[in-house]
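Each chain, written out:
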Amino acid sequence: MIAFVVRRLLAMIPTLVFVSIACFIIIQLPPGDFMTSLQALAASSGSGADKAAMDNLRHQYGLDQPKAVRYIKWIAGFPRGDFGYSFEWKRPVRELIAARLGLTVLLSVLSLALMWLVAVPVGIYSAAHQYSGTDNFITALAFLGLSVPDFLLGLIYLFIGIFVFGASVTGLFSPGLADVPWSAAKVLDLSSHLFWPALILGLGGMTQLIRILRGSMLEVIGQPFVRTARAKGLGERVVIRRHAVKVAINPLVSVMGMQLPQLISGATILGIVLSLPTTGPMFIRALTSQDMYLAGTFLLFLALMLMVGNLLADVALAWIDPRIRYQ
Amino acid sequence: MSVANEPSSPGPGAGAALAGGLAPTAPRRRDLRTYGLTRRQLVWRRFLRGRAAVAGGIVVAGFYLTALGANFLAPYGADQRFIEYLYVPPQGVHLDQQAGPYVHGLRKQVDSETLLTTFTLDRARKIPLRFFVRGEAYPVLGAFTSDLHLFGAAEPRMGVFLLGTDRQGRDMLSRVLIGSQMSLTIGLVGVVLSLILGSVLGVVSGYYGGRIDEIVQRLIEVIRSFPAIPLWMALTAALPQHWPPERVYFAITVILSVIGWTWLARQLRGKVLALREEEFVTAARVMGASDARIIFRHLLPQVFGHIVVIATLAMPGMILAETALSFLNLGLRPPLTSWGVLLQEAQNLESLRNYPWLLLPAAFISAVVLAFNFFGDGLRDAADPHYARA
Chain A
863 MIAFVVRRLL AMIPTLVFVS IACFIIIQLP PGDFMTSLQA LAASSGSGAD
913 KAAMDNLRHQ YGLDQPKAVR YIKWIAGFPR GDFGYSFEWK RPVRELIAAR
963 LGLTVLLSVL SLALMWLVAV PVGIYSAAHQ YSGTDNFITA LAFLGLSVPD
1013 FLLGLIYLFI GIFVFGASVT GLFSPGLADV PWSAAKVLDL SSHLFWPALI
1063 LGLGGMTQLI RILRGSMLEV IGQPFVRTAR AKGLGERVVI RRHAVKVAIN
1113 PLVSVMGMQL PQLISGATIL GIVLSLPTTG PMFIRALTSQ DMYLAGTFLL
1163 FLALMLMVGN LLADVALAWI DPRIRYQ
Chain B
1292 MSVANEPSSP GPGAGAALAG GLAPTAPRRR DLRTYGLTRR QLVWRRFLRG
1342 RAAVAGGIVV AGFYLTALGA NFLAPYGADQ RFIEYLYVPP QGVHLDQQAG
1392 PYVHGLRKQV DSETLLTTFT LDRARKIPLR FFVRGEAYPV LGAFTSDLHL
1442 FGAAEPRMGV FLLGTDRQGR DMLSRVLIGS QMSLTIGLVG VVLSLILGSV
1492 LGVVSGYYGG RIDEIVQRLI EVIRSFPAIP LWMALTAALP QHWPPERVYF
1542 AITVILSVIG WTWLARQLRG KVLALREEEF VTAARVMGAS DARIIFRHLL
1592 PQVFGHIVVI ATLAMPGMIL AETALSFLNL GLRPPLTSWG VLLQEAQNLE
1642 SLRNYPWLLL PAAFISAVVL AFNFFGDGLR DAADPHYARA
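Protein chains in written order, with this note's numbering: chain A, 863 to 1189; chain B, 1292 to 1681.
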């Protein structure tokens, strides 16, 4: 098992190198650099930009060096925790992204947990009562959940927040609580502000899990070992919980690797819609202002999150399903 | 790498076989009746049996037909402005026994404190509707222009806004209808592009194996290491601001297919890997068929059904992606009109609170995505009977 994890980690390294190069190239794609967008801004506000001063700044930030050199410098800083310098915020990238990445991870994990907490019992119930009214209702709801994208749900959530509750639903804290020291009330406020975004984020994946679990349960319930369990007189409850679910849960774990990209994508866009201090809002701003090291580091870390998440999903699957070969 | 796929593959087939084993009589009788039908006819029959799938297909077809005739169905042009009617709420259609369909007139109010102009429906006044009225001209098939619209106000000076108007006094219904052309075709073009890329690279990768296969697989792995939306955001942010709309449109379809093709390529590679060991491929090779002939004549037709299914299932994702990107001001931009561009108006809390009908395009997006999901699901079940119905 440990050898398997180590092998997978080693296999990740070349991919990571390619991914970081891809990140750097993508971030360099727009014509011009941060200075040109600064210049454009200065020109639009009427103050003419000084060419010499701009070139001076370019030199200071190392923007006049060849791309390959800049890439090497940028990536060489990573082991030391130096991710470059944000031109726009005039601060090291690390200071800017740490809290935001942390919150993105927190939101994703929370929503993953919610997804499983709801999907597993609902999926089992749905399969155990196939074609009942509740089952049909759940199926219809699942299809609906699959069709409403998370950013739209975010908008609808804002809408309901305004019209039904008249409450502040954006951001992480209610107004007035953001700057006070931590207290029970503040933690409660934070969790209530995180709960709904996490639910919205997880809804699409939740419906997917329900459908998969229902399908896999139905399949398992028809198998001989379940018939045997019933034949030897076990109660339906034990048959389902102890025998069927244990086998039927495997596809859910394997699909987790596929759901992570959706979750990270969703967290980015939902963060923008609900103005949460996650990666989303700062990432999009860095992209439009060509704050390249900030944007590139965000992109790289989002990709890294995805890769690590996939690895964890694979390890979890190997853990619970002994039929898997550690190739 | 393939560890994750290991347990799910044997499952569905076993389940389907078992379900067949439990009720042996019904399928056998059906077999006799369908004896002599081609594979395509069989798939078609199976598809028609799924009611939700057929309904989904009809709705999808309806959406595309509507998009085709959007200029005629829309009472106004997408950018036609009614300066005196900003932020008009939706007017419902009523039916009068004598005068036919009509909408209520509008009453303008100015809030003395906020100076905000609002419109309310004036139930005392009736604005009759008329069919086939003349309005703003639009091109037909690029050959000639027409100014005929399906319906409009009987008096041209009066506006009829069934879904309200936006910040600039543009009719939402017309914008939703004309915007559907962009939103629905961008997915279509994006899917076609990813199909071309995915089938070529997937089939070649599976057929030749070796070095080519390794390179393609590595490429797919790197692309898949990125979460879709952030990658799309980074790529669309790179599009120069001064590009003409048509070029932006095309660039977005290319960007959308950058990720899309990898799914198809992976699946097709697997299929081709299995197929290339089959006798008919060996036979073709012995008869002196070239690689190109084997691929296009023998392998591609085998996986064609699969390609169609994957394309259909990929459509909703493409439509949603365009909407999300345009919503973030990164995708299509005015003067192009798409559902995502329309939703930009609903971005801030203030307009959401005062003018909730700006959120209406969202309903259309969800409807078309829902229909596509049902349609694609049914198509998959029909084309691949071994896939267990989840």
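Hint data in this document are derived by calculation from the structure and do not stem from the laboratory.
C-beta atoms are modelled at their ideal positions from N, C-alpha and C, and glycine is treated no differently.
Treat the hints with caution; some may be incorrect.
Stated by the list, open to error - Taking CB as the label site, the calculated pair distances span:
#, chain 1, residue 1, chain 2, residue 2, range
1, A, GLN992, B, ALA1352, 28 to 38 Å
2, B, PRO1430, A, GLN922, 48 to 58 Å
3, A, GLN992, B, ALA1346, 28 to 38 Å
4, B, ALA1346, A, TYR993, 12 to 22 Å
5, B, THR1476, A, ILE883, 28 to 38 Å
6, A, ALA902, B, GLU1505, 42 to 52 Å
7, A, GLU1098, B, ALA1343, 24 to 34 Å
8, B, ARG1502, A, LEU871, 18 to 28 Å
9, B, ASP1402, A, HIS921, 49 to 59 Å
10, B, ARG1644, A, VAL971, 48 to 58 Å
11, A, GLU957, B, GLU1505, 37 to 47 Å
12, A, ALA1178, B, THR1476, 40 to 50 Å
13, B, ARG1425, A, LEU968, 52 to 62 Å
14, A, LEU968, B, GLU1505, 19 to 29 Å
To be verified - Not the full set, but computed from the structure, chain B residues with beta-carbon under 10 Å of chain A:
#, residue
15, SER1437
16, PHE1442
17, GLU1446
18, GLU1512
19, PRO1607
20, ALA1658
Stated by the list, open to error - Derived list of chain B stretches under chain A, where covered just means 3 residues or more per stretch with a C-beta under 8 Å from a C-beta of chain A:
#, region
21, 1405 to 1416
22, 1551 to 1563
23, 1647 to 1657
Each hint tested on the structure:
Hint check: A:GLN992 to B:ALA1352, Cβ distance near 31 Å, so the stated range 28 to 38 Å holds. Between B:PRO1430 and A:GLN922 the CB atoms are about 53 Å apart, so this pair conforms to the stated range of 48 to 58 Å. For A:GLN992 and B:ALA1346, the hinted distance range of 28 to 38 Å is not satisfied, since their beta carbons lie about 22 Å from each other. At roughly 19 Å, the beta carbons of B:ALA1346 and A:TYR993 sit within the given window of 12 to 22 Å.
Between B:THR1476 and A:ILE883 the Cβ separation comes to about 34 Å, which falls inside the hinted range of 28 to 38 Å. Between A:ALA902 and B:GLU1505 the Cβ separation comes to about 44 Å, which falls inside the hinted range of 42 to 52 Å. The beta-carbon spacing between A:GLU1098 and B:ALA1343, approximately 30 Å, falls within the hinted interval of 24 to 34 Å. Restraint check, B:ARG1502 to A:LEU871: a C-beta distance of roughly 25 Å satisfies the suggested window 18 to 28 Å.
For the pair B:ASP1402 and A:HIS921, the supplied restraint of 49 to 59 Å holds, since their beta-carbon distance comes to about 55 Å. Evaluation of the 48 to 58 Å hint for B:ARG1644 and A:VAL971 yields a failure: the beta carbon distance comes to about 32 Å. The hinted window of 37 to 47 Å between A:GLU957 and B:GLU1505 holds, with their beta carbons roughly 40 Å apart. Checked against the hint of 40 to 50 Å, the pair A:ALA1178 and B:THR1476 passes, with Cβ atoms roughly 41 Å apart.
Range check, B:ARG1425 to A:LEU968: about 59 Å between beta-carbon atoms, so the 52 to 62 Å window is met. Checked against the hint of 19 to 29 Å, the C-beta distance between A:LEU968 and B:GLU1505 comes to roughly 38 Å, which is inconsistent with it. Hint on B:SER1437 is violated. Least Cβ distance to chain A is approximately 35 Å, over the 10 Å limit. Hint status for B:PHE1442 relative to chain A: violated, with the closest Cβ pair at about 29 Å, above 10 Å.
Annotation: interface hint on B:GLU1446 violated; nearest CB of chain A at approximately 35 Å, more than 10 Å. For B:GLU1512, the suggested interface contact is upheld, since its CB lies about 6 Å from the closest CB of chain A, less than 10 Å. With its C-beta approaching chain A no nearer than about 7 Å, B:PRO1607 sits inside the 10 Å limit, and its interface hint holds. A cut of 10 Å between beta carbons decides the hint on B:ALA1658: the least distance to chain A is about 8 Å, and the hint holds.
Coverage of the region 1405 to 1416 of chain B by chain A is violated [criterion: at least 3 residues with CB-CB distance below 8 Å; count 0]. Residues of the region 1551 to 1563 of chain B with a Cβ under 8 Å from some Cβ of chain A number 0, which does not satisfy the need for three, so the listed coverage is violated. Interface restraint, the region 1647 to 1657 of chain B with chain A: holds (5 residues with C-beta to C-beta distance below 8 Å; minimum three).
Going through the hint list in order, the structure does not satisfy hints 3, 10, 14, 15, 16, 17, 21, 22.
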